[in-house]
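Number of protein chains: 2
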Amino acid sequence: MEKIGIIGVGATKFGELWKHGLRDLLAESQLKAIEDAGISERQIDMIFTGNMCSSDFSGQSHLGSMAAEILNVNVPSIKVEAACASGSVALRQGLQAIKSGEADIVLVNGVEKMTDVQTRQATTGLMGAGDEEWEGFNGLTFCGLYAMIARAYMHKYKLTREQLAMVSVKNHKHATLNPIAHFHNEITVDQVLNSSIIADPLTLLDCSPITDGGASLILAKEEIAKKFESPIWALGSGQANDTLSLHARKSLTEIPATTHAAQRALMQAKIGIDKIDVTEVHDCFSIAEVMAIEDLGLVPRGDAGKIMEEGLTYFDGKIPVNSCGGLKACGHPIGATGIKQVWEIVKQLRGEAGKRQIHNANIGLTHNVGGTGSTVVVNVFGRERG
Amino acid sequence: MEKIGIIGVGATKFGELWKHGLRDLLAESQLKAIEDAGISERQIDMIFTGNMCSSDFSGQSHLGSMAAEILNVNVPSIKVEAACASGSVALRQGLQAIKSGEADIVLVNGVEKMTDVQTRQATTGLMGAGDEEWEGFNGLTFCGLYAMIARAYMHKYKLTREQLAMVSVKNHKHATLNPIAHFHNEITVDQVLNSSIIADPLTLLDCSPITDGGASLILAKEEIAKKFESPIWALGSGQANDTLSLHARKSLTEIPATTHAAQRALMQAKIGIDKIDVTEVHDCFSIAEVMAIEDLGLVPRGDAGKIMEEGLTYFDGKIPVNSCGGLKACGHPIGATGIKQVWEIVKQLRGEAGKRQIHNANIGLTHNVGGTGSTVVVNVFGRERG
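So the sequence lines, in the order shown, correspond to chains A and B. Under this note's numbering, the first sequence has 209 at position 209, and the numbering climbs by one with no breaks. Under this note's numbering, the second sequence has 294 at position 294, and the numbering climbs by one with no breaks.
Calculated from the structure, these hints are not laboratory results. In this text, all values refer to a predicted model and were calculated from it rather than measured experimentally. Heads up, some of the hints might be wrong.
Identical copies look the same in the list; a pair holds intra-copy or inter-copy alike.
[As the list claims (entries may be wrong)] Simulated pairs of lysine-lysine, DSS-like, Cα-Cα distance not exceeding 30 Å:
| # | residue 1 | residue 2 |
| --- | --- | --- |
| 1 | K13 | K173 |
| 2 | K173 | K3 |
| 3 | K99 | K221 |
Model the full structure from these sequences, guided by the hints.
Here is the structure:
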């Protein structure tokens with residue numbers, strides 16, 4: 001099958017960007033990706049923008065039109081949404097557009113402006129990723145859902161509170177090495193344990209923050225991409241889903257959609273999970289990273305706590321996870337997250353990751369979750385076309 | 001090029017459906033389309049759902065997951081949005097998925113639950129289709145934007161207030177012949193002129209209503225579709241865009257994106273606009289239908305008023321437009337509208353349109369607008385594969 005290459009990436013600084021509106025974030029990341037690729041905006045055939053909450057948080061829908069307007073191009077341009085996996089489904093639509101023969105070069109964006117609303121509104125808006133009728137309406141928050149998952153997992157697999165905290169400690173350490181990250185401060189296990197309780201057992205430092213940010217990619221079909229210097233190749237992509245509501249699942253301690261999506265992506269890439277050198281997973285809460293590395297098959301079921309203690313998931317460890325700082329410390333601007341994960345994989349595979357560079361990074365994987373595992377996208381990328 | 005066929009359609013009743021929530025609407029239209037096609041939900045490879053405001057109006061995002069959950073299928077399923085053109089861009093993604101080779105059969109939905117919120121919230125939410133920073137923030141409503149367009153057009157082309165009212169009169173007449181329509185009452189020119197002023201010169205009866213509804217289609221690749229009884233073929237599809245804000249346009253009295261999208265769709269279909277037997281246009285306001293038939297090239301520029309007076313756009317006239325009742329009288333559940341337009345074309349081309357059946361309907365066209373013409377999608381369908 002014909003391969004598709006990533007020929008340019010761009011991202012804004014992630015953080016509380018009071019001076020930047022939604023349009024500014026989208027413009028900056030788009031233009032950075034175009035500049036990185038060294039193409040003209042006139043070469044772009046189609047645009048896909050992943051975003052979840054712009055209608056709620058900025059009163060602005062119709063981001064497809066905005067994305068095209070910014071570049072002054074008249075090409076098909078739409079917004080796609082799958083809650084926190086919005087960025088990744090935008091990427092998948094970009095890949096599909098090229099496979100369909102309707103586009104040679106596609107711009108894919110993810111963006112979210114979150115800090116213009118009060119926390120209560122942000123929390124309510126984000127709960128739209130779950131099941132409003134069964135969960136949100138009855139008072140559940142997203143933190144509450146993941147707290148129940150955490151409690152069940154800790155009970156079943158004897159994960160200690162300290163082991164769980166180590167996810168955030170590691171991700172904050174990584175973020176200090178990533179210039180675009182929301183947070184640049186290291187934290188300790190004690191700090192995680194002693195920060196405010198958000199939804200027991202999760203504390204403030206177990207939770208990803210409310211962040212503004214945008215990220216963009218330029219995709220090109222094989223014939224075009226191979227003319228560029230060090231394109232990164234999309235080797236496989238899988239999407240799977242599950243019930244919107246948590247109570248309808250058979251188990252609280254695993255997310256089957258992760259396993260299904262990973263199987264589909266790895267099968268398409270024709271490789272095993274053991275061939276992955278660098279992984280970005282969806283750590284919206286610390287417990288989510290614990291489950292992700294097990295559901296992906298990176299570590300045996302129930303071993304994640306021990307792996308954290310051994311430090312194997314640091315960027316210089318045997319199984320590097322979230323070298324950018326993850327959602328926890330790089331920040332989680334919802335629509336941008338899936339694209340920022342790919343941005344990090346591209347940086348690592350190009351050897352441009354600076355102080356957090358992973359040695360011999362040839363194949364990377366991204367894992368992006370919508371809701372509590374209702375939509376999961378897994379993508380695999382490589383330096384070689386495969 | 002390989003053609004794609006529509007093998008099933010379904011739609012809910014349109015109206016103020018107090019007893020039906022978002023999930024009910026989505027479930028009903030999906031199941032009706034599946035039943036109409038006579039397939040099993042297990043045969044569906046991918047799902048695309050067009051929706052604009054579920055996050056704002058129902059606190060529920062992540063409709064892709066909901067659509068798949070309803071059918072208990074584990075396939076890629078996402079929401080797409082382009083304001084009031086959301087349904088049509090969902091259709092375009094469905095076509096693209098089949099062209100890419102990644103899907104053989106695709107379910108495409110459009111849905112909107114609008115009547116659970118107060119009018120003020122609905123109006124504000126809908127304004128997200130325009131430019132929030134330049135228009136909405138400064139107090140403009142969508143009715144206000146189209147009122148300025150109407151004023152400019154009436155001035156330039158000497159369109160009378162009575163001629164403008166005839167659009168609504170005709171569409172209400174059509175709706176009385178359509179069982180699913182929101183309104184089943186005929187209205188007169190005097191009633192339009194004497195109804196409450198919403199944004200001068202537009203009165204209440206110039207404006208499409210706040211409506212609940214859902215519509216669905218089943219698409220199949222040629223090899224599969226031709227085994228079904230009377231599939232309707234997608235002959236061409238075009239999407240074009242323009243600035244989000246109205247003030248940035250060169251003219252208020254035409255929508256160039258309509259012309260561009262139509263050119264793209266007709267070129268793909270290899271036919272001229274004179275070959276179209278039945279047309280559904282985006283009459284969110286009466287003036288929008290006036291401009292649409294000119295921008296599409298169905299009538300000469302500036303002639304629309306005269307054409308209305310002559311009654312040529314009635315379903316039994318020479319240029320039948322909006323035989324379903326249009327957005328004005330069939331109703332305008334935002335995300336559903338683009339799919340409902342195709343539902344009507346399929347009904348007409350199959351000869352199943354009952355009392356509103358257009359004689360010898362072989363080729364149909366849909367025209368769906370996002371914002372004030374910031375995104376326009378035009379699709380062409382035929383009884384023959386072309």
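Here is what the structure says about each hint:
1. K13 with K173: within (18 Å within a copy, 56 Å between copies)
2. K173 with K3: neither (35 Å within a copy, 53 Å between copies)
3. K99 with K221: both (8 Å within a copy, 15 Å between copies)
When each numbered hint is compared with the structure, a violation occurs for hint 2 only.
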